[in-house]
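All chains, full assembly: derive it from the sequences and hints.
Top line first, the protein sequences correspond to chains G and R.
1 is the number of the first residue of the first sequence in the numbering used here; add one for each residue after it.
1001 is the number of the first residue of the second sequence in the numbering used here; add one for each residue after it.
It should be emphasised that the hints constitute simulated quantities derived from the structure, not laboratory data.
For every residue, glycine included, the Cβ atom is placed at its ideal position computed from N, Cα and C.
It is possible that some hints are incorrect.
What the hints assert, rightly or not - Cross-link-like lysine to aspartate or glutamate pairs, in silico, EDC-like; alpha carbons within 16 Å at most:
hint : chain 1 : residue 1 : chain 2 : residue 2
1    : R       : Lys1042   : G       : Glu68
2    : R       : Lys1042   : G       : Glu66
3    : R       : Lys1042   : G       : Glu69
4    : R       : Lys1014   : G       : Glu69
Said to hold, decoys possible - Here are some chain R residues the structure puts well away from chain G; computed CB gaps all over 12 Å:
hint : residue
5    : Ala1012
6    : Asp1051
7    : Thr1063
8    : Thr1064
Residue strings, one per chain:
Number of protein chains: 2
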Amino acid sequence: TQQLLSETSPEAPKARPWRVTTADRSVRKGIMAHSLKDLLNKVRDTLILADKPFFLVLEEDGTTVETEEYFQALADDAVFMVLQKGQKWQPPSEQGTRYQL
Amino acid sequence: TQQLLSETSPEAPKARPWRVTTADRSVRKGIMAHSLKDLLNKVRDTLILADKPFFLVLEEDGTTVETEEYFQALADDAVFMVLQKGQKWQPPSEQGTRYQL
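Shown next as structure tokens:
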């Protein structure tokens, strides 16, 4: 992995593994990203969101993550949820017991 | 992150990630801030409060946070609530079960 890391500039944050779920928690994917922008791009590709606008919130409490600064400060175990227009964050318990953690 | 930190003076408190919610708990955003003044400015910009006066309380029990000293002593997991004129802190249970954690 040393070679991969050295491709980025020395100051660039190291890519970290993130978990991203859809709004209904039916799909959950692991995605590597070194920045919020990087994650947004990969989420778009991975979850096939095409050109529909979306944003990322924290799965645990719906906190919107929209700055690189805040993204970099997140703990390694943060789980994201993708929300598209009209979708709203809901706590896990209201979506049945299937995905309770 | 070393470079980011060195932009502030050595004595300046390090920026920390905070979560800030609106009075009705419908919006929750992640914001980095190194001081109460910094957070107030960013809350104004992020939540588009324009020139309406507001203040910050702790989301868990409505404690008003108005001094830098108290702000710096807060734990990393503190969640703020923005209150504007006429708005009052309410415990989560009185706003339905939607945002109970």
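Where does the structure disagree with the numbered hints, that is, which hint numbers, in rising order? The structure breaks none of the hints.
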